[in-house]
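Listed below are the residues making up each chain.
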Amino acid sequence: MSSVMGMPVARSSEGPWRLGWRRLRRDHVAMWSLAITLLFIFIMLASYTGLIARNWNAEVAASYAEPTFDKVTNTDIHSPIGIQRPEAGPPVDISDIDPLAPRYQEWRERTAKIQAVQAAQAVRLPLGADQWGHDVLAKTIKGSEISITVGIVAALLAVFVGTALGALAGYFGGWIDTLLEWLYNVLTSLPYILLILAVAAVFSRGFTTIIMILGLTGWTGIYRLIRAEYLKHTDRAYVRAAQALGASHASRMFRHILPNVSHVILVQFSQNVVGFIKAEVILSFLGLGVPVDMVSWGTILAETQEELVLGKWWQLVAAGGSMAILVTAISMLTDAMRDALDPKLQE
Amino acid sequence: MNLSTFVMRRLLHMIPTLLGVMLLIFVLFNWVGGDPAYILAGKISDPKQIENIRTQLGVNQPYWVQFWIFIKQVCTFDFGRSWATNELVSDVLLTRVVPTLTIMVPVLLLETILAVLFAVLVAYVRGTLTDRMVMLGCTVAMSISFLVYIIVCQWLFGFKLGWFPVQGWSDSFITNLVRYAPLPILLAVMVDLAPSLRLYRSFVLDEMNHDYVRTARAKGLSENTVMLKHVLRNAAIPILTNVGIALPGLFVGSFLLEVFFSIPGLGREVVESVNRSDFPVMKAITVYLAVLTMLTNLLVDVLYRWVDPRVAFK
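Chains as they are written, first to last, in my numbering: chain P, 23 to 369; chain R, 116 to 429.
These are computed hints drawn from the structure, not numbers from a lab.
Glycine included, C-beta positions come from ideal geometry on N, C-alpha and C.
Hints are not guaranteed to be accurate.
Restraint ranges, calculated between C-beta atoms of paired labels, are given here [said to hold, decoys possible]:
#1 P:GLY37 to R:VAL240: 31 to 41 Å
#2 R:ARG391 to P:ARG76: 32 to 42 Å
#3 R:GLY242 to P:ILE347: 22 to 32 Å
#4 R:ASP326 to P:TYR70: 48 to 58 Å
#5 P:HIS271 to R:ILE360: 51 to 61 Å
#6 R:THR191 to P:PHE229: 36 to 46 Å
#7 P:HIS271 to R:GLN164: 38 to 48 Å
#8 P:GLU328 to R:ILE360: 27 to 37 Å
#9 P:LYS135 to R:GLN164: 48 to 58 Å
Please take these sequences and the hints and turn them into a complete structure.
Written out as structure tokens, the structure is:
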């Protein structure tokens, strides 16, 4: 602290976070993973604030426009894809069989007065278009916004619940621990996916609901680890010393012990983000995730099964690929962080 | 402590957990889930009809009576009939479990054998380029959504190349196993292999650093004997735990596979009953799966003793 104010101080030993960061910086794979993760978060924020992909819902292209890098619109070529009128035959008098025939001429004149402008629609786009002519690039970005938000917010919730309960159980022990262990046993005696589906069955679909479902069912892993850490730390000398100085329970739990277990929390957090992004995709695919007016990687992938049969592969590659890149980056970053922040590993 | 005392004590410990599971399910489906009469009566509902259904299901009774009814249902295996198809819930469970196991038992066997085999091989060449490439491949493979695997492989092997039927199921076990099951099994093994391989490799590596491995080498034992008889036997304990954790999941199977390949198994039943708000089926599947999970955990603990005589029951 003092060095920040410019005062000369005795060189203090390096904190675990700075040490971890120094180790991490030497790891090229970790740095690349971090860069990719930050890029995705940056794109997500840009999409969130409306800088990009705001009009993903606009029908800017022909249905299933193919992916390419040169922009071609239907004003450039004569016949727009899909619309081909049959040649008109010779005029016939059909007023005997068609009672409306006498009025055709009048209608034709009236329609001629109305100017119909056909909007310029691209027939080719960088990542192509979907069934309704939405730009797949914009749609994937918009989808990443929802998917990553769900992953991060649900992971924050799970980490918060897991840490709080784990700290309580490990620090106090006794009946609190017994009660929380019972809750843990109850939740883990069901296969995780069945638990999620059972909860999803009774709540209405929605953006907040899916975050709540994932967050409130996914805290058990981190609870277990934090509880074990608190069991270990509660009787350590520094916590006893804090007690002797008159630190309250809350102060000992969160000001003294928590910083010493925070590396576990960080690693668990990024692991949960990955798990929840994957879970959101599957739930949205099953129609139990985000509502129908939102787009996420899961809802995009749900469309791709039929598209693939028609030979339209680009949405699958765009959504599946961007998800795979992000998840790979976060997973590798997590592995590197686990090594870099491990206090047991020496320089 | 001998085996029977250990098993008895563990069974007694299950009672509070099971009560907790039942309470959780009860709160979800009887309290949060809303009035089932409206779900059952559908869109056109006259008050008399709703009152009838409510009396029939006992939902106008106080909550503790309803919970007692639920406990009785669990103990007697009698959950009544499905709200959606009017089938007996017990029939639903018994008929759906066979297709799921037809897929999942081969998956578990193949996956475990392959993962252990590869893990020993990769751990043996640890630190080399091969090892690093395999590990990188695993990380990337784990990052691709299961959905993408299914969509692509079903299209490629089923539709485009025609090696397997795209989907379907028959009444004959042999036909199912030979004709309809291979592609889903292949997919599940492919997807489950990467995480297991990574995990088992770390278990094997942990063992390889021990002194007994050096001793075994010093005695002049062949590498095969060292790896397969000494290292693998010790690594078997954490591997067994992992397989034990995976066992209960066997019964829900891979519900995604069942949905995509139209396999009439428990997993697809769960998804369908969620979509149809078919609460009796959901409740029954959830409760019995919890029981099954607890029993498999017990079985795994007993197996430890068999694999590793140093483990004491406590």
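Results of checking the hints against the structure:
Between P:GLY37 and R:VAL240 the C-beta distance comes to about 38 Å, which sits within the given range of 31 to 41 Å. For R:ARG391 paired with P:ARG76, a C-beta distance near 37 Å keeps the hint of 32 to 42 Å intact. Distance hint check for R:GLY242 and P:ILE347: the Cβ-Cβ separation is about 27 Å, which falls inside the suggested range of 22 to 32 Å. For the pair R:ASP326 and P:TYR70, the beta carbons lie near 56 Å from each other, so the given range of 48 to 58 Å is met.
Take P:HIS271 and R:ILE360: their Cβ atoms lie about 35 Å apart, and the range 51 to 61 Å is violated. One distance hint, 36 to 46 Å for the beta-carbon pair R:THR191 and P:PHE229, holds here, with the actual separation near 41 Å. Our hint of 38 to 48 Å for P:HIS271 and R:GLN164 is violated, since their Cβ atoms are close to 57 Å apart. Between P:GLU328 and R:ILE360 the CB atoms are about 36 Å apart, so this pair conforms to the stated range of 27 to 37 Å.
A C-beta distance of roughly 57 Å is found between P:LYS135 and R:GLN164, which places it inside the suggested range of 48 to 58 Å.
Hints 5 and 7, counting from the list given before, are not met by this structure.
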